[in-house]
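Undergrad: Sequence:
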Amino acid sequence: MKTPPTQPKPPTLEQLLQRSDIWRGQGQRSKARNVVDSGHPELNRQLLDQGWPTASLIEICQPAAGHGDWLLFTPALKACLQAQQYAILLNPPALPFAQGLKQNDIPVEQLLIVRARNKTDFISSFIELARARSCGLVLAWQPQQALSYSELRKCQLATSDGQGLYILFRSSQAIQQSSPAALRLIAALDKQTLNVTLLKQRGQLRQQSKPLGLPLSKHWRPQPPHRLLGGKPRNSAPSAANDWLLTSYQPRQNILSIPAGKQAKLKRQYS
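Using the working numbering, read the sequence shown as starting at 10 and increasing by one per residue.
None of these hints come from the bench; they were simulated from the model. Among the hints, erroneous ones may be present.
[To be verified] Calculated cross-link-like contacts (lysine-lysine; reagent style DSSO-like; alpha-carbon spacing at most 30 Å):
hint : residue 1 : residue 2
1    : LYS163    : LYS87
2    : LYS128    : LYS87
3    : LYS163    : LYS209
4    : LYS219    : LYS209
5    : LYS18     : LYS87
6    : LYS128    : LYS163
7    : LYS128    : LYS219
8    : LYS111    : LYS87
9    : LYS200    : LYS219
10   : LYS111    : LYS200
11   : LYS87     : LYS209
[Stated by the list, open to error] So the derived label-pair ranges between C-beta atoms look like this:
hint : residue 1 : residue 2 : range
12   : GLN59     : SER157    : 14 to 22 Å
13   : LEU121    : SER169    : 33 to 41 Å
14   : ASN204    : ARG42     : 24 to 32 Å
15   : GLN186    : GLN24     : 27 to 35 Å
16   : PRO20     : ALA103    : 19 to 27 Å
17   : SER169    : VAL117    : 28 to 36 Å
Quick reminder that beta carbons are idealized off the backbone N, C-alpha and C, glycines included.
With the hints as constraints, model all of the structure from the sequences given.
TA: Okay, here's the thing in structure tokens:
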């Protein structure tokens with residue numbers, strides 16, 4: 010007579026509380042996670058474990074595309090590429106400038122761009138990329154169609170199967186929407202700083218009260234108009250950016266003087 014197979018014992022409450030994806034909501038998580046240095050010391054002090062969490066969904070809400078995308082993640086991108094992994098740009102709003110990437114010592118041969126035609130393809134692409142072991146970093150820009158909580162949950166579950174950094178850029182209109190992301194931030198560029206506000210951080214109950222201003226390096230700051238680059242503008246009009254570099258043009262004046270006799274002859278010829 011065969012004995013029935015023994016069923017495994019269910020985990021105890023203490024065993025469940027030791028899981029990395031369980032948070033009791035009473036304070037900061039004590040178990041350390043794998044992170045990647047953000048490259049910004051001020052931001053590291055606000056993040057748990059002093060860096061970007063790996064194997065998690067990081068959500069960045071922006072007023073528009075370009076508010077801190079590369080500024081926030083260029084140091085982490087370099088670290089991932091040094092490990093001989095690929096960085097994937099999923100639906101980037103613009104084609105990256107190769108010369109600018111090379112000037113920042115980013116190997117363009119390890120950057121791949123993926124274009125998804127619709128929201129369904131976007132979610133499928135994100136899930137497959139997050140599970141790929143060769144992808145160390147995924148930068149994804151949400152399509153025009155809004156993502157629901159269940160769709161974001163699928164992306165979050167896929168990131169838990171990977172080991173890299175997975176960032177989703179969304180519009181600031183999504184701030185009011187619930188999200189399963191482990192880390193949510195607001196990023197907005199100013200003239201001199203990149204203002205970062207922590208909305209949610211798994212393992213921490215307290216939220217950031219005011220934005221954190223990350224100073225911009227000189228080459229990230231907006232440049233003045235061309236007419237102001239050389240100092241005080243000369244004979245400049247507000248509507249012209251480089252008019253002071255050109256010879257003054259006055260269409261109602263003759264550049265060469267015409268003798269009086271020749272003027273009379275021309276007047277008789279064309280009158």
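Undergrad: Hints first: check each against the structure and report whether it holds.
TA: Okay, the hints, checked on the actual structure:
Restraint check for LYS163 and LYS87: the C-alpha separation of about 27 Å stays at or below 30 Å, so the hint holds. Between LYS128 and LYS87 the CA atoms are separated by roughly 29 Å; this keeps the pair inside 30 Å, and the hint holds. Between LYS163 and LYS209, the direct Cα distance comes to roughly 19 Å. Compliance with the 30 Å bound is thereby established for this hinted pair. Restraint check: the Cα-Cα separation between LYS219 and LYS209 comes to about 13 Å, which is no more than 30 Å; the hinted pair holds.
In summary, the hint linking LYS18 to LYS87 is not supported, as the alpha carbons are separated by about 45 Å, beyond the 30 Å threshold. Distance check on the hinted pair: LYS128 and LYS163 sit about 13 Å apart at the alpha-carbon level, within 30 Å; holds. The suggested pairing of LYS128 with LYS219 is violated, with an alpha-carbon distance near 33 Å, which exceeds 30 Å. A threshold of 30 Å between alpha carbons decides the hint, and for LYS111 with LYS87 the separation of about 11 Å falls inside it, so the pair holds.
Between the alpha carbons of LYS200 and LYS219 the distance comes to roughly 18 Å, so the proposed pair stays at or under 30 Å and holds. For the proposed pair LYS111 and LYS200, the alpha carbon gap of about 25 Å is at most 30 Å, so the pair holds. Distance check on the hinted pair: LYS87 and LYS209 sit about 26 Å apart at the alpha-carbon level, within 30 Å; holds. GLN59 and SER157 have their C-beta atoms about 33 Å apart, which leaves the hinted 14 to 22 Å range violated.
A hinted range of 33 to 41 Å for the beta carbons of LEU121 and SER169 is inconsistent with their spacing of about 22 Å. Between ASN204 and ARG42 the beta carbons are some 26 Å apart, a value that agrees with the proposed interval 24 to 32 Å. For GLN186 paired with GLN24, a C-beta distance near 33 Å keeps the hint of 27 to 35 Å intact. At about 48 Å, the beta-carbon gap between PRO20 and ALA103 misses the expected band of 19 to 27 Å.
Taken as a hint, the range 28 to 36 Å holds for the pair SER169 and VAL117, whose Cβ atoms sit roughly 30 Å apart.
The structure fails to meet hints 5, 7, 12, 13 and 16 from the earlier list, while all remaining hints are met.
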